[in-house]
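Engineer: Using the sequences and the hints given, assemble the complete structure.
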Amino acid sequence: MNFKSTIGFEVHFELKTKSKIFSPSPVSYGAEANTETNVIDWAMPGVLPFVNKDVYRLGIMVALATHAHILPTTHFDRKNYYYPDSPKAYQITQFFQPLARDGYVEIEVHGKKKRIGIHEMHIEEDAGKNTHGTNGFSYVDLNRQGVPLLEVVSEPEIADPEEGYAYLEKLRKIVQFTGASDVKMEEGSMRVDTNISIRPAGQKELGTKVEMKNLNSFEHVRKSLAYEEKRQAQVLLSGGRVQLSTRRFDDATGKTVLERVKEGDADYRYFPEPDLAPDHISQEWIDEIAATLPRSAEERYNQYVNDFGLKDYDANVLLQTKESSDFFDAAVAAGADPQLAANWMNTQVNGYLNDNRVELADIKLTPEHLAAMIKLIKDGTISSKIAKKVFAETITNGTDPKKYVEDQGMVQLSDTSILEPMVKEVVDSNPQSVEDFKNGKDRAIGYLVGQLMKQTRGKANPKVINKLLNEELNKR
Amino acid sequence: MEITEDTIKHVATLSRLEFNEDEIGTVTEQMSSIINMADQLSEVDTEGVDETVQVVDRDTVFREDKPEHWQSRAELMKNVPEQANGFIKVPVIINKDEDE
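Protein chains in written order, with the numbering used here: chain A, 1 to 476; chain B, 1 to 100.
Source of the hints: derived by calculation from the structure; they are not laboratory data. Be aware that a few hints might be false.
Straight-line alpha carbon distances no greater than 25 Å define the calculated DSS-like cross-link-like pairs of lysine-lysine that follow [unchecked claim]: (1) Lys89/B with Lys402/A; (2) Lys78/B with Lys129/A; (3) Lys129/A with Lys89/B; (4) Lys79/A with Lys9/B; (5) Lys322/A with Lys66/B; (6) Lys16/A with Lys78/B.
Treat the numbers as computed from the prediction; the structure is a model and nothing was measured.
Structural biologist: Okay, here's the thing in structure tokens:
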């Protein structure tokens with residue numbers, strides 16, 4: 001019997017705001033426990049939520065980037081549950097009127113393009129974080145309580161684990177390039193829940209779904225879905241019934257393990273949040289936000305490859321983060337040759353970032369510096385060997401490349417009226433090399449170039465001296 | 001709307017409340033009369049009236065995204081019965097969705 005899979009995703013993105021969604025507590029990753037909290041986060045009596053405008057702004061950016069329909073009126077609702085990470089005993093979310101509906105993401109799998117629908121996306125608050133001890137206690141940190149989240153719910157239109165992987169990759173890239181979220185799975189700013197059901201080919205109604213929460217990586221998503229497809233098929237083939245359940249992926253065995261069986265949907269007693277008035281999202285505001293929407297990764301890729309002539313690989317390295325792509329764009333805008341800028345970004349700059357474990361935002365090199373340095377190389381002012389010294393100085397100390405080159409007297413020596421006498425002299429004083437050259441030993445010229453480089457402390461233009469040496473030697 | 005003892009038991013479980021057999025009868029009766037009183041609202045003719053979730057006709061006022069430190073951890077922790085290294089110490093709860 002053939003089975004068809006139906007896969008859906010719920011992806012949570014932490015929105016990149018400076019303060020929380022309903023309170024002005026600061027938001028930063030890795031702060032000391034409970035230091036970024038206030039009376040609102042703790043749900044002290046009498047406090048009221050106060051909506052952060054930027055949460056809507058960032059949510060709207062993602063909605064626009066995924067072609068979703070933004071609802072003109074939304075409101076918040078309460079989802080009631082008891083757990084120590086949620087002092088209010090409810091989560092403020094959007095259940096009845098979400099931020100946006102009916103978006104899509106276009107993926108390409110096995111050379112075929114497909115649109116995966118987005119059912120809806122809504123804004124909500126994150127809960128605090130529990131650490132479970134082995135001594136009968138749990139430890140609660142409320143720093144994450146109230147961090148804004150955007151939950152993106154796909155339509156159950158994903159047919160296999162490969163499509164699932166492609167969907168997540170694409171969605172991550174889209175959100176990343178809006179700048180709305182850091183999309184780092186390892187830091188929890190992107191979290192993936194998935195569900196999968198299978199049904200015999202030809203059957204209309206969907207099978208019973210199995211849910212898998214908080215998968216660590218896209219690879220785990222792919223493996224767990226592939227495992228579930230097989231497992232559920234075996235259950236059905238042996239006459240069994242798939243249980244409505246939550247399972248977790250075990251990395252060590254590559255299998256999914258039953259966590260618990262569900263008897264039905266949980267009863268969260270949703271109702272409209274009485275502490276917050278409805279939110280009207282005007283078309284003017286949406287247009288304003290649309291005008292600030294950064295270019296998508298796709299658009300940038302096309303420019304890099306088609307207009308700049310970069311290789312697919314180089315373009316993709318630049319597009320790994322929005323920050324590196326922005327840096328590159330700014331360098332090009334400042335007049336840098338795109339190919340040279342890409343080379344320097346992907347080798348020297350990335351090398352520096354990796355060696356020093358820093359990010360682009362932390363370094364002293366600016367896109368304008370990079371552009372200025374590349375100009376100096378292109379117009380022959382400095383050799384690429386000298387450029388490495390200039391680069392090291394600029395990236396560590398933020399020194400202006402042009403000024404540094406001038407101050408250090410690093411300008412490349414290309415003037416033949418200065419170089420010619422030097423060439424003559426070096427040839428005169430090395431008769432053995434002249435002999436070798438005549439006997440066809442190519443190395444002889446390399447030795448002479450080395451001598452000249454030594455004399456000029458690396459400043460001689462190698463092209464020019466090679467040419468002059470050849471001419472001089474052929475005269476002898 | 002009919003409120004049965006089963007409704008009350010279900011809502012009580014969701015709300016972490018416990019009632020003994022005697023109390024269930026009383027609470028069912030009381031809850032029933034409260035809900036039925038609220039039910040009178042459905043007698044109002046709302047033909048042509050837009051649905052709403054609020055009774056005050058106003059919009060949300062947004063806050064600018066500016067972080068502020070209000071209370072210190074020490075201040076907020078004053079009401080915490082047990083704490084450890086800046087964390088709130090609570091009895092271990094292993095399964096978050098045990099009620100689902």
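Engineer: Now tell me, hint by hint, if it's right for this structure.
Structural biologist: Hints versus structure:
1. Distance hint between Lys89/B and Lys402/A is unfulfilled; the C-alpha atoms sit about 59 Å from each other, more than 25 Å.
2. With a C-alpha separation of about 20 Å, the suggested pairing of Lys78/B with Lys129/A holds against the 25 Å cut-off.
3. Of the pairs offered as hints, the one joining Lys129/A and Lys89/B holds, with about 12 Å between alpha carbons and a cut-off of 25 Å not exceeded.
4. Under the criterion of a C-alpha separation no larger than 25 Å, the hint pairing Lys79/A with Lys9/B is consistent with the structure, at around 20 Å.
5. A C-alpha spacing of about 24 Å is found between Lys322/A and Lys66/B, which places the hinted pair at or below 25 Å, so the restraint holds.
6. Taken as a hint, the Lys16/A and Lys78/B pair is broken in the structure, with Cα atoms around 31 Å apart against an allowance of 25 Å.
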